[in-house]
Amino acid sequence: MTPSVIGEGAPSRGRTFSPFTSNLNFRKYLPALPLLLIVGYFFLYPITKLVYVAFLSNENTLTLSNFTTAFKDPYKTGFINSIKIGITSAVIAAIPGAIAAYFIESKGPSKLRRTVAVMSGVLANTGGVPLAFMFMAAIGIQGQLTKILKAAGWDIYSGQFSLGTFTGLLIVYLYFQLPLMVIIFSPAIVALRREWVEAAYNLGADKVEYWRRIGFPLLFPSFIGSLLLLFASGFSAYATANALTVGNLPLTPLQIGGLLDGNVSATQLNLGKALSSLMILISAFAVVPYLVIQRRTARWQKR
Amino acid sequence: MRGKRLVATLASAVMVTGVVAIATPAQAAVNICKAKNVAEAGGLDNLVKAAKKEGKLALITTPRDWANYGAIFDAYEKAFGVKISVDNPDGSSQYEIDTMKTAPKSRQPDSIDIGPLVVAQLTPPGGTPLSSPYKVINWNDIPNAAKDPNGLWYGNYGGKLAIVYNTSVSPVPTKAKDFTNPAYKGVVGITGDPTSSNQAFMSVLAASLGNGGEKNLSDVSKGLELFKAVKANAPLVKVNGTNLASGTAKVGFMWDFNALGIIPAAKQAGLDLKFAYPTDFVLQAPPYINAINAKSPNCANARLWQEFVYSQNKGKTAADLTDADLKLPGSKLFALMQGGQNYFMQSGADPIMSKAMTTKKLLVPSLLDFKVASTAKIVGPPTISDVLAAREQIISSWASL
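Protein chains in written order, with the numbering used here: chain A, 1 to 303; chain B, 1 to 401.
Worth flagging that the hints you see were computed from the coordinates, not collected in a lab.
Don't take each hint at face value.
Said to hold, decoys possible - Here are the simulated SDA-like pairs of lysine to any residue, each with C-alpha atoms no more than 25 Å apart in a straight line:
hint : chain 1 : residue 1 : chain 2 : residue 2
1    : B       : Lys-228   : A       : Ile-80
2    : A       : Lys-49    : B       : Gly-127
3    : A       : Lys-49    : B       : Lys-101
4    : B       : Lys-274   : B       : Ser-170
As the list claims (entries may be wrong) - Chain B stretches covered by chain A per the calculated footprint, using a threshold of three residues with CB under 8 Å from any CB of chain A:
hint : stretch
5    : 214-222
6    : 262-272
The beta carbon of each residue, even a glycine, is placed where N, CA and C say it ideally should be.
Here chain A stands alone, though its shape is the one from the complex (with noise of 0.2 Å):
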């Protein structure tokens, strides 16, 4: 990589001044010593000791059966439950979030994009009991929005709904998915470069035929990769599930905290490690896909 950088015409300084990168190589982690020290301490560590411990019984014996006790009932559904919150809320946010960041990057003023990026990101960044609240306060049953809508004839309680169901849940998280999805985007949509529409229509393409063969597969990688941190950010979130429900809607991060940290299942402490394992897990195969695919979108990206 190092090599084509230079060739491209990077500046040389850091090569001819540098002493120490060709023979000692260690020296060039050196830098980032306290950070690995970090991640090690506070990322690794507690990690391996987290696994470890899953594997224990109670009575610190090798055992495997917090394991199989996690694929059983009702921890089974909360991991299928979570699941699709993670991906039913990624999906619903990713295509409206992606559209709003291709307009807001492309043709909005900058005034506008500079107060999109500000909101979103504080938007992106609202979550536990105060966002469980602001729902209540709006569309919960004595909320005002219910209020309102209920003045005009449409009673949203009439029903089942409630917020601490699937679709209340679902509503309260799009609210900080959307927003993550616009500021995950957006450095996607800055990167199609104006030369390559130029040369498409110089070449003789149209608007369509522009967006099928060159716009929308290089969106698609950066697209893939932000629906998978959507899904990580829906498949873990646990403060606003937790203030929202009681317990009748299984969501494997509650479990944890009610195992870890409750007052009724005391003697399981090893099973909701087991359990966070298990979403460690599964975050990682989330994860590692869009490390691969953002790997072939830098190929473009990279100037």
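Mind docking chain B on chain A? Use the hints.
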């Protein structure tokens, strides 16, 4: 200013040294950190003196608005000049256990207040107990079923489940079966997830009593059926302080002893809440449990706190204590203060020593404006085996209710 403060500091230092010097001969034989009762701590006077000197009491997950704890803190702090700190007030019992196991010395609590379902973790089979044995002066008044014979833990106060409701609902709910009334559609629920919250767990038991399961406390299927029927109307809401105060939740079960904290909070938000016991069957839940942490950083306060929480006197609350009172020797001061058990009584909780205190005519009246109706039957408390059986049922079917 500065000079003045320095002089004051010096003076108090001299005084403290003086006290220590005088106290040393008496204290030589006692090691408060090992004391298993007040005699081993050198008597109540000495225990109070040592507690004052420590000046700190570290508690954990005991919010001020829970079971009148706020008033107990105020009295203790004022009387003994001790600063009480509460780590993670809204945390769970499991958090308390985990903290005892893993936290550094500086974050260790002196005393814990845990739910009955995690008590077994205090004494791991074959391991060292997490708590230190201690028997309070009134030890014999704690029923045998509610204490460890060696003093490693002891019941403290128990709650009954009352129905909390927003006064705007009509008709007024009077028993668990009413929860299925379509009039409450969408506003009735439970305090939390019964597979992780003790209060929610006991709410399912209380629902079971009111739905035909009053004969057998180990079988909560009737309670689960009731909540299932409620859910058929609309999904269950979370009946917590926030949701009650915003009108999102209007009907549910709640500890009677939290009424004094919950009602004013909702009032501030402009909503009127009422509590009432079910008119058919009332669940008396197993008591919460106190214990001294084996790693307690303030040994004297850990023990004095137990003595205070388990004292039975009628007497002065924080506001009534005069400066003259505060100068009294420890045991005299102690004797004129309202006992911890009576604070629980005022909150509507059932103090663990209520039976003995009734005989001794020491109980003060509850501050609650609701009572168990004469026609209602108090059931319980369920035994540990009842609770464990109920737990299996709830864990296996709550999620898919």
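- [ ] Check each numbered hint against the structure and report the violated ones by number, ascending.
- [x] 5, 6
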